[in-house]
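Everything in the sequence shown is counted per our numbering, starting at 1 for the first residue and increasing by one.
Derived from the structure by calculation, the hints contain no laboratory data.
No false leads were slipped in.
Distance ranges between label pairs, derived from CB positions:
id: 1; residue 1: A38; residue 2: L70; range: 14 to 22 Å
id: 2; residue 1: L52; residue 2: P10; range: 49 to 57 Å
id: 3; residue 1: L68; residue 2: S7; range: 27 to 35 Å
id: 4; residue 1: R13; residue 2: A35; range: 31 to 39 Å
id: 5; residue 1: S7; residue 2: I48; range: 40 to 48 Å
id: 6; residue 1: A66; residue 2: R21; range: 19 to 27 Å
id: 7; residue 1: Q15; residue 2: C67; range: 19 to 27 Å
id: 8; residue 1: L16; residue 2: L68; range: 20 to 28 Å
id: 9; residue 1: R17; residue 2: L52; range: 42 to 50 Å
id: 10; residue 1: L70; residue 2: R17; range: 18 to 26 Å
id: 11; residue 1: L32; residue 2: P53; range: 23 to 31 Å
id: 12; residue 1: D51; residue 2: Q15; range: 42 to 50 Å
Quick caveat: nothing in here was measured; it's all calculated off a predicted structure.
Backbone N, C-alpha and C fix where the C-beta goes; we use that ideal spot for every residue, glycine too.
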Amino acid sequence: MNDVTTSLTPWERRQLRGIERGLRETAGGLPLRLALDATALGFVGAGIFVDLPWLFAGCVAVNLAACLHLDRRKRRTE
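Could you put together the complete structure from these sequences and hints?
Written out as structure tokens, the structure reads:
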């Protein structure tokens, strides 16, 4: 069996451990982020198949969701 972690440098292993630790620590906000992701996808789908203003709402919701995801990652690295 080929273990992927054996080919990683020590720096890469530390980075992956830090990401894993951060995911465990911030799991409390996960339902909120997933709900916003689902809402954004729903708006985008409605915009494509129903009416164009829904697409605009979907784009705004997607931007908000992306900001939440990126903000969480930024706080984790600081």
